[in-house]
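4 protein chains.
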Amino acid sequence: MLYFDCDYNNGMHPAILRRLGETNGTYTATYGYDAFSASAKERIREACGDPTADVFFLAGGTQTNSVVIDCLLKPWQGVVSAVTGHINVHEAGAVEYTGHKVFALPEHDGRISPHELEALVSGIQADETFEHMSDPALVYISFPSETGTLYTAGELADIHAVCRKYGLKLFVDGARLGYGLAADGNDVTLKYLAEHCDAFYIGGTKVGAICGEAVVFPRGGAPEHFFTRIKQHGALLAKGRLVGLQFDTLFTDGLYMQIGRHADALAMRLRDIFGRYGLSEPASSSRTNQQFFILEHRVIEALRKEVCFEKWAPVDASHDMVRFVTSWATKAEDVDALEELIKKL
Amino acid sequence: MLYFDCDYNNGMHPAILRRLGETNGTYTATYGYDAFSASAKERIREACGDPTADVFFLAGGTQTNSVVIDCLLKPWQGVVSAVTGHINVHEAGAVEYTGHKVFALPEHDGRISPHELEALVSGIQADETFEHMSDPALVYISFPSETGTLYTAGELADIHAVCRKYGLKLFVDGARLGYGLAADGNDVTLKYLAEHCDAFYIGGTKVGAICGEAVVFPRGGAPEHFFTRIKQHGALLAKGRLVGLQFDTLFTDGLYMQIGRHADALAMRLRDIFGRYGLSEPASSSRTNQQFFILEHRVIEALRKEVCFEKWAPVDASHDMVRFVTSWATKAEDVDALEELIKKL
Amino acid sequence: MLYFDCDYNNGMHPAILRRLGETNGTYTATYGYDAFSASAKERIREACGDPTADVFFLAGGTQTNSVVIDCLLKPWQGVVSAVTGHINVHEAGAVEYTGHKVFALPEHDGRISPHELEALVSGIQADETFEHMSDPALVYISFPSETGTLYTAGELADIHAVCRKYGLKLFVDGARLGYGLAADGNDVTLKYLAEHCDAFYIGGTKVGAICGEAVVFPRGGAPEHFFTRIKQHGALLAKGRLVGLQFDTLFTDGLYMQIGRHADALAMRLRDIFGRYGLSEPASSSRTNQQFFILEHRVIEALRKEVCFEKWAPVDASHDMVRFVTSWATKAEDVDALEELIKKL
Amino acid sequence: MLYFDCDYNNGMHPAILRRLGETNGTYTATYGYDAFSASAKERIREACGDPTADVFFLAGGTQTNSVVIDCLLKPWQGVVSAVTGHINVHEAGAVEYTGHKVFALPEHDGRISPHELEALVSGIQADETFEHMSDPALVYISFPSETGTLYTAGELADIHAVCRKYGLKLFVDGARLGYGLAADGNDVTLKYLAEHCDAFYIGGTKVGAICGEAVVFPRGGAPEHFFTRIKQHGALLAKGRLVGLQFDTLFTDGLYMQIGRHADALAMRLRDIFGRYGLSEPASSSRTNQQFFILEHRVIEALRKEVCFEKWAPVDASHDMVRFVTSWATKAEDVDALEELIKKL
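Protein chains in written order, with the numbering used here: chain A, 106 to 450; chain B, 106 to 450; chain C, 106 to 450; chain D, 106 to 450.
A hint or two may mislead.
Each pair may be met inside one copy or between any two copies, as identical chains are not told apart.
Taking lysine-lysine and the DSSO-like style, the derived pairs with C-alpha atoms no more than 30 angstroms apart in a straight line are [what the hints assert, rightly or not]:
{"#": "1", "residue 1": "K179", "residue 2": "K448"}
{"#": "2", "residue 1": "K448", "residue 2": "K296"}
{"#": "3", "residue 1": "K436", "residue 2": "K449"}
{"#": "4", "residue 1": "K270", "residue 2": "K179"}
{"#": "5", "residue 1": "K270", "residue 2": "K416"}
{"#": "6", "residue 1": "K274", "residue 2": "K179"}
{"#": "7", "residue 1": "K449", "residue 2": "K296"}
{"#": "8", "residue 1": "K436", "residue 2": "K448"}
{"#": "9", "residue 1": "K449", "residue 2": "K270"}
{"#": "10", "residue 1": "K270", "residue 2": "K410"}
Note that these hints are calculated values from the structure, not bench results.
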């Protein structure tokens, strides 16, 4: 069986496994005060070009979004997201569960428009009934987006400018950040993110770790008593070393970027193969590890016998949109094998 | 000064004031267990044609929406509303504050479409990732809507049918219910609401009371331990008699409907006057006590010297949409005086 | 029937009823921006000797406690209360519902001890695991307490001093404040409260109003965006005039204090009568409008035929503790009649 | 340095590390639907003697307490705990953060008394003002307790009987369950827990795992839509295999009990050594892996140069209570070395 169904159907990057083994006998401080976590934080600060950044490690993506958004907002404030944003669709209402409204903006290839953002926010702030309304005080975007697309540096700067103009904060969900940073044509870097965001997270779970995300608050901007609030949310790991060590490894010798490049390159091959054999033009502009195609039902059925992938959405009576995902764990041979299969169809 | 700015800028209907005076010396049970509340509940049950209905009295509209929606939903469920619904715009995120997502549907003249409702709900329920999503389990509509428009009985039945088909509950915000029930051409009655809803409230604050709303759960459908949950939300009045007595009065000798007819008739006169003198065609199809017009800025300025009304939204460089509201407290002479002013313009 | 069961089984003080009638025809601004509320706030500021105090009007006691405590605390903080405090027992967990822990201290005749408060707070602040704990950041006391007892000015100052020393805020629940201020031997004044608290509320519902409490934040100390948070909690009255007008009346010509003195004097007579006829020594040191006695079951049964009062707690096989309450609505003749009844027993 | 400071200052049991390595290359289903988790659940069901038990895996202890308690309770209900219970002291108010009151009972050597439990619950249920109160609907106990002590089977049965009599549920926090089950003199088994509880969790983080706890709801008793609620709480691991595989290993060939026996035996040696050399009688009746001693300050200082352990509480001017903890990772040689050190003192 070939696995292109998602990027967290695998274990952990071998380099991480190795270090887990090497360090297993070591005693450490708990709750993230261990030396592995300290080292990882230092490496991340360096990669972000911000020696003052606050870095915290959490276990998963929805948890990170939920805790960070709750703590960046005051209790009466809300967060703006694309209507397709992960927090608006696939987190079981976790943001609302902590008491905050999600303001949904239209999506354009997975992204929000700075103009529509400005229209929303300026409209609410200018409204005479403003004090009867939830206050949109934070913008949430995902990079890459839920459909693998990216904001350019210029687009990020535009959104950042709107945020500054109206006093909003900016938070970037980087669950698949490595695949975005490494993408062909991408001009956004960790440093650039650190300069333009109030918070972002560097995804581990989908980029080589067995679990864990690294939250970065540039310029010492962690929310007040953030450690206690992590605990209050049930999100504090007793053995913080587990995530610390993983990020220490991912940020050693460029492993994190190397994983991104590897998966993106294979994804570009998929894109090429599906087109070359006339199966489907790419159904999205994604240059990252998620690729979308529109396939005939009979092709889907034929492929499914030997390939795992996801039906994304129905298109018409005889076609569905499907998603193929590569990861650090995908091998070039897997793509070769897929190509063989497609050739035969 | 003439007051057309809203329907809660006034005191209470004189009949209520009179009864407050007559009963002031009486000792009663507390927390809504008094005889006035019992009588009011009985009258409301009768007006709804449902002797088994559970009736509770709360103090205001946002409170009622917030408490009722929270208690009708389980903690992981959400509520569907028109994007313009009061809960989605003007309640400071009170629904989200209690942990629930608001799913916003497009609005059509203030109303939701049963087809768009069905598309949303069937889509989510059929989604393979359903268990990762907030579950839309309740539909919220306002009658009249925020712009004074009404659902026909047939439209309500259609929404009700979608709710039944997909296992959702239906809740009607009747903050201005009296003005809707009494409107020209309306074919919805309290009995009809009771038959088609899981909960609705009969607005008092905007329809003659000094405060208070009556929540009706037809067929004994009050949420479990609803009294305790009202208390938990800080919404229990120690002197429940205050709201009970008001509804007892409003539902004696047809006062509630009489108030509605009075205000609607004056609103229809406004509609006629603005058209007759060429100031503005009506900007909404409302047949209830809120009327919207598009006026030139210079007209607005001229009128504002002697008339209170609300700017609703900018239209173009020289026009705004404005809102004129009548109520039980509006007198025919007020409309006469407004007509005189307009005639002079 | 004679009514000594509670202080909110009645209507409103006649002076309030009269003013409701006089002002009923007036149009006003909404949501508490009316002239009556403005005047009431001014009078309250003056009575508190603090022209910079922020004053807000809410509908009831549990609501006020819940909203004020939630807004004075940050999300990870908790509130300290006597184990018998209203928020810890009789508010259906409303404080916890907004996410905050209640730390319970032992009660001494309804009051907390500054020493036990200091022990609790200093212990937690010095604890090495402090950041794993809810942070007690606010002290809640009731004046009078739930059993009618009072803190002296000196005791309040001691609690205040502990709060200052450890960075806590102090909030006083004054649901029955009038009966406390007017009590024989009391040396606490509104000015004194304003000097020693971060927030307190002046109870209306139990002291002559039909509903409503006035929250005072001395020295401009209202929580950020408090209006919006009141709305978010469902606690904003559309016709804010209802409570504003009542407090304007209560703070005109000393009415609030006069109500307190009236009820306290009658309560002292009760205390005297029960002792004089050998029925019971007072079971509490209360000098306010709640009086507690220990009566034989047969006396309770005999009295209950003609008198409403509350069984408070069982004492032994043949005795219960009972509560008698006076209010602004209690008449001297009611106490005379009760005395006659007791004389006959 | 010798490490007796806690039981989560280490890595993972070597058997787990080995299996992580062996399975790392395998593709699996996500979110806990993988084969490792399925196998682990089956083994746990078997160990509990309940083939119908629902089993879920979460990441940590506070998270598990918070999610399980929130989901076992209805929104207006509260949980009863010893005043020293982990949820009442060391979880940053996580239970209250989800809206529920914690009712604190006195502790007796870390445990609650069934009689005091019955007094609390029967008192509240019989109270005439019951519907104004939070409803204690769940009992939380920890086994072992926070100070390492255990309930006997008979004591558990007594608490269970009170729960049944008053309609409460019973939840056991088993963060250190293995050390309890294996303790000398313990007569409680997994089967016994399953028969007497509505939910309990088998601690992994402190008993050999790198992270993870297994929640058991006997008799198919998982809360409605529990998967979605885990997600809503931010507690769902994308790679559920991480915890599943660990528990699959811990419940293979009796590893879980073997870890418990190992650590408890070493803890008993500590108990013996401190007494034998006259340093301290044991300060608690714990027969599990946490041992408490009262030491002179100068002894503490001397030991601390070569041994990590925790100061628990001040005792008098010259003594502190200290805690020594063993774990799966403690070696017999560590205890030998400690004995040598003590001998020298």
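Do the hints match the structure? See the list:
1. In this assembly of identical chains, K179 and K448 lie within 30 angstroms of each other by CA distance neither inside one copy nor across copies; the values are 56 angstroms within and 51 angstroms between.
2. For the identical chains of this complex, K448 and K296 are neighbours neither inside a copy (43 angstroms) nor across copies (56 angstroms), given an alpha-carbon limit of 30 angstroms.
3. Taking the shortest Cα distances, K436 and K449 sit within 30 angstroms of each other inside one copy (21 angstroms), while across copies they are farther apart (60 angstroms).
4. In this assembly of identical chains, K270 and K179 lie within 30 angstroms of each other by CA distance both inside one copy and across copies; the values are 19 angstroms within and 27 angstroms between.
5. Taking the shortest alpha-carbon separations for K270 and K416, only the inter-copy value of 26 angstroms comes in at or below 30 angstroms, while the best intra-copy value is 41 angstroms.
6. In this homomeric assembly, K274 and K179 come within 30 angstroms of each other (Cα to Cα) both inside a single copy, at 12 angstroms, and across copies, at 19 angstroms.
7. In this homomeric assembly, K449 and K296 never come within 30 angstroms of each other (Cα to Cα): the closest approach is 46 angstroms inside a single copy and 56 angstroms across copies.
8. With identical chains, the CA atoms of K436 and K448 are at most 30 angstroms apart within one copy only, with a shortest distance of 19 angstroms there and 59 angstroms across copies.
9. For the homomeric pair K449 and K270, neither the shortest alpha-carbon distance inside one copy (56 angstroms) nor that between copies (45 angstroms) is at most 30 angstroms.
10. In this assembly of identical chains, K270 and K410 lie within 30 angstroms of each other by CA distance neither inside one copy nor across copies; the values are 53 angstroms within and 35 angstroms between.
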